[in-house]
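Here the structure of chain Y is known, so what remains is to put chain L in place on it, guided by the hints.
Number of protein chains: 2
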Amino acid sequence: MKKSKSPLSIVLLGSGNVATQLGIELKQQGFHIAQVYSPSMRHARNLADTLNSSAVSSLTKVNKDSDLYIIAVKDDAIEVIAEKLRLGNKLVVHTSGSVGMDVLKSISVNRGVLYPLQTFSKQRRPDWEQIPLCLEANSPMGKEMLAGLAKKISHEIAFIGSSQRKRLHLAAVFAGNFSNHMYAIAENLLMKEKLPFRLLIPLILETASKAAEIGPAKAQTGPALRTDNKILKKHAQMLADEKEYQKLYASISKSIQNI
Amino acid sequence: MKKSKSPLSIVLLGSGNVATQLGIELKQQGFHIAQVYSPSMRHARNLADTLNSSAVSSLTKVNKDSDLYIIAVKDDAIEVIAEKLRLGNKLVVHTSGSVGMDVLKSISVNRGVLYPLQTFSKQRRPDWEQIPLCLEANSPMGKEMLAGLAKKISHEIAFIGSSQRKRLHLAAVFAGNFSNHMYAIAENLLMKEKLPFRLLIPLILETASKAAEIGPAKAQTGPALRTDNKILKKHAQMLADEKEYQKLYASISKSIQNI
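Listed in order, the protein sequences are those of chains Y and L.
Reading the first sequence from the start, the letters are residues 313 to 571 in our numbering.
Reading the second sequence from the start, the letters are residues 313 to 571 in our numbering.
It should be emphasised that the hints constitute simulated quantities derived from the structure, not laboratory data.
Do not rely on the hints blindly, as some may be mistaken.
Pairs count within a copy or across copies, as identical chains cannot be separated in the list.
In silico DSS-like links for lysine-lysine, alpha-carbon gap of 25 Å or less [as the list claims (entries may be wrong)]:
1. Lys464 <-> Lys546
2. Lys542 <-> Lys417
3. Lys376 <-> Lys402
4. Lys434 <-> Lys464
5. Lys506 <-> Lys455
6. Lys386 <-> Lys546
7. Lys402 <-> Lys417
8. Lys504 <-> Lys530
9. Lys506 <-> Lys463
10. Lys506 <-> Lys386
11. Lys555 <-> Lys566
12. Lys555 <-> Lys530
13. Lys546 <-> Lys463
Chain Y extracted, bound-state conformation (with noise of 0.2 Å):
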């Protein structure tokens, strides 16, 4: 365990929308970013050259006495680098909500999970304090080290085992990816009138707030939660070329009805 007082030194592994802003906040947390490794060099240049760090684009030049290993990656992507990479008892861990800890078991006998439950993009820095980053070590080492780290980024850290974390990934596909798609279908049927996206905006904000405040079970409102049988009848007649949006206007409006 690292008893001295100088910054955790940290190799990230990864240039995409997690390595970048969890590579910024580091930064500014006051650890030091020894190297970024990226199979691309133009891309590890890229975010080294933000978080003052040195690039490298091949597994074999990653150096070998950093305190923690951070691989931020897409999951198909954290396999390939764990055939190739070995650390002997470096603590690694990679960021994934749906990986098992275990896919890193021939890099390192001390590993682990470091999963921010948000959406990231290049552009947008996120509230980090806000985050809820969702641990897993397999080591009190590991857990030590994780633990500390973590709390310097967020106040809402949570140690959660491989198979709650995936659940909490898929729940997030829903409360993420899905509710965006409802606004993207949204934006569509806006389209068709040529009326703008922007009008719809304070609608979810508003929706969402409303949920974080009083959950969405009690916040629900609309024709499918009253059975308005009328409306429903004569949205599905609206959307009798749309065939698809029908369909999810159907079986979302029964799914409400069953909760």
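Quick look at chain L alone, frame taken from chain Y:
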């Protein structure tokens, strides 16, 4: 057309979420709420007390000398009121997104719509300035009076015909009710693992803000968009005991890929 400087005198028919929040806002903006009508005297009195107004529970007691009559009741109840209320040439509007203006034909020759595109509850005070007010009126006098009133309560007013308004309402069902249902499904999925819904709140708020800022098409992420078939399959397996959610997961994922 009203030329005097005395505030408009308004009769509010309804005592639900829309009537309550609209009544409070109109009073705040200096309008005089002359009467509140509800078939339930208790409901009428409740809201009338809040608005320093008088309560009536019979349509025959609705006064005939106000400037504007706002019918803010459930869609089906508009027709019930229209069967009985006769107001000559007074301006009468309803607040529904999905009902045509002409349902008010029997009440008055001057009719219109004031549809606030937002979700309302009795407890939450909405930010009226941001709420799009979709207006319609069948006379220049009605248009002028409605626009004057609407401008006092919101920055976002637009005259929109009945057919476009219905489309907007349909889009709002997707963007509001259906996105909220995605949160509700997520909450259910977490409950089964005894995980708190709270963990999803930052994701929900960020998803809404991001879509508002860059539009939902650009904001989309996740396994369906990336056609990450491994995760899509895993998630289908995880939902084996929740067939309804499994079907929704599949059809929404497919729809994300079709967009």
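Can you name, in rising order, the numbers of the hints this structure does not satisfy?
1, 10, 13
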